[in-house]
Structures are given as structure tokens and as C-alpha cells.
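A.B. asks: Protein chains in written order, with my numbering: chain X, 34 to 174; chain Y, 23 to 110.
Hints are not guaranteed to be accurate.
The calculated lysine-lysine pairs, modelled on DSSO-like cross-linking and capped at a C-alpha distance of 30 Å, are [what the hints assert, rightly or not]:
(1) X/K102 x Y/K90
(2) Y/K39 x X/K148
(3) Y/K90 x X/K94
(4) X/K148 x Y/K60
(5) X/K75 x Y/K60
(6) X/K148 x Y/K90
(7) X/K156 x Y/K67
(8) Y/K24 x X/K35
(9) Y/K90 x X/K75
Label pairs and their in silico Cβ distance ranges [claimed, not checked]:
(10) Y/F58 x X/S53: 26 to 34 Å
(11) Y/S35 x X/G73: 36 to 44 Å
(12) Y/E45 x X/F137: 47 to 55 Å
(13) Y/R62 x X/R149: 27 to 35 Å
(14) X/G58 x Y/G38: 51 to 59 Å
(15) Y/L44 x X/G85: 19 to 27 Å
(16) X/K75 x Y/E54: 29 to 37 Å
(17) X/V45 x Y/E61: 44 to 52 Å
In case anyone wonders, no lab produced these hints; they're calculated from the structure.
Given the structure is predicted, the values throughout are model-derived calculations rather than measurements.
Note that beta-carbon positions come from the ideal geometry of N, C-alpha and C, so glycine has one too.
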Amino acid sequence: MKVMVTQESFDVNRAIELISNPESGAYVVFLGKVRAHNRGRKVERLIYEVYGEMAVSEMAKIREEALRKFPIFDAVIWHRYGDLPVGEDTILVVVSSAHRKEAFEACSWIVDEVKRRVPVWKKEVTEEGEFWIEGDRVVRG
Amino acid sequence: MKIRVRYFARYRSLVGKSEEELEVPDGITVGELIEFLKERHPELKNEVFAEEDDLADVNVSRNGRYVKFDEALQDGDVVAIFPPVSGG
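Given only the sequences and the hints, what does the whole structure look like? Please build it.
C.D. replies: Spelled out as C-alpha cells, the structure:
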């Protein structure tokens, strides 16, 4: 599936295979992971909550918009949810195109749109307690 | 008419449940539903809608699509109320 939310870790090669074609000379892969520090807080893990049906339809829309907006061949957008310790994969975006420039641009645009629109929320579990991340705000959980 | 309201993330914690079915007046708008929910759940009123620009941070979807506050709802709709997203 080119667009999905999952609790399983990503098979990056499988994602690339999904959009491989002989005319593609460029595959740009963005892989997001859980980082150990955020704004000075030491993070143990993130708990991702998702509105599954809406997240998938919003990701599908973003993919279709990217295919219209950029001269690319195809794109994969996967997002994880559940309990994810530091170092775990969180988001994967892969874009294929003839040349690298449009693939880099489309990949960056897709990641920005996912962060802006897709109904997924993270709660940080830190040494100082738990915090909901709401856009740019941090609210004690 | 009957609608289903779903809550996510911090709003789910505040309300204490992830969804509920509600009997609401026919043709109620999204904005009117928010007023209805503020009365029903004082914790939302105090923690989410307490500021002057109280709708600025609240996202609402209707049947899985983002919706504006003046849109009218229909029987059987699923409305979700949630904070700004933070995926990635």
C-alpha cells in the first residue's frame, strides 16, 4: 500500500520497490525517527495516537496533490502509531522521479503537509513527565 | 437527529472517552455543536475554550474531512474534535 498507518516497523526497500519503474533515475527517501531530546527535555519514547480512517484519506489526498504539483512518478507515505521508543521509525516518505531535484522538492513538501494536516498526535514521555505536542504548543499530559 | 462525536489526543483525555452518540437539534451547525459540547463537558470549556480566541486551536472534521464552523450537520454524521496535529 502506497499510503498507510501502521504499528509495524518499516521495510524501506519494500516501499522503494512499490514505486520503482525503469524511467526513474531518482528515489528520495525521508525516514523520521524518535529523537532523544526535544527542546531541552530528555525523551524516553513517543506515544502516537491516530485518527486512522481520516489519516489515511488525508495522506492519500496529499499524495495525489503531490503527483499533480510536481513532475514525479510516484510517492509512498507511511506513518506509524503506538508506543515508539527513541530510535524507532515514525514516518517514511519515498518519491520517485526522473531526476533528483523534483524528487527532493516533492518529498520535502509531502513531509510538511503531513505534519500540517494528517490527524496524528504525539505524546512525549520524558524524565519530567508526559507532554502532548499540539502543533507548536507543548501541554502537560 | 443523532450524530457521533469522536475525541482525540488531549481532548479525549479531558472528556474521558473517545466517542459518544448525541441527540442534537436538526440542522445544527458545527459552531453550534461546539457550544453544545462546552455545556456538556465543562472540562473542555475550561481547558480548551477558555481563551478569548477560543476556536483558534480546535480542529473539527465531519465524516473524515476538515469542516468549517458554519457548516450544517446531518443525521448520522461522525464529527471529530481534536487539537492541532503533531505527526511526523
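A.B. asks: Hints first: check each against the structure and report whether it holds.
C.D. replies: Quick rundown of the hints versus the structure:
With a C-alpha separation of about 25 Å, the suggested pairing of X/K102 with Y/K90 holds against the 30 Å cut-off. In summary, the hint linking Y/K39 to X/K148 is supported, as the alpha carbons are separated by about 25 Å, within the 30 Å threshold. Between Y/K90 and X/K94, the direct Cα distance comes to roughly 18 Å. Compliance with the 30 Å bound is thereby established for this hinted pair. Among the hinted pairs, X/K148 with Y/K60 is consistent with the structure: their alpha-carbon atoms are about 28 Å apart, no more than 30 Å.
Our distance criterion of 30 Å between C-alpha atoms is broken by X/K75 and Y/K60, whose separation comes to about 35 Å. Pair hint X/K148 plus Y/K90 holds up; C-alpha atoms about 20 Å apart against a cutoff of 30 Å. The straight-line distance between the Cα atoms of X/K156 and Y/K67 is roughly 22 Å, inside the 30 Å bound, and the hint therefore holds. Restraint check for Y/K24 and X/K35: the C-alpha separation of about 35 Å exceeds 30 Å, so the hint is violated.
Taking the CA atoms of Y/K90 and X/K75, the gap is near 38 Å; set against the 30 Å cutoff, the hint is violated. Hint check: Y/F58 to X/S53, Cβ distance near 51 Å, so the stated range 26 to 34 Å is violated. For Y/S35 and X/G73, the Cβ-Cβ distance of about 24 Å falls outside the hinted range of 36 to 44 Å, so the restraint is violated. Against the hinted window of 47 to 55 Å, the Cβ-Cβ separation of Y/E45 and X/F137 comes to about 52 Å, which satisfies the hint.
For the pair Y/R62 and X/R149, the beta carbons lie near 30 Å from each other, so the given range of 27 to 35 Å is met. Range check, X/G58 to Y/G38: about 54 Å between beta-carbon atoms, so the 51 to 59 Å window is met. Evaluation of the 19 to 27 Å hint for Y/L44 and X/G85 yields a pass: the beta carbon distance comes to about 22 Å. Checked against the hint of 29 to 37 Å, the pair X/K75 and Y/E54 fails, with Cβ atoms roughly 44 Å apart.
The given range of 44 to 52 Å is respected by X/V45 and Y/E61, whose C-beta atoms sit roughly 49 Å from each other.
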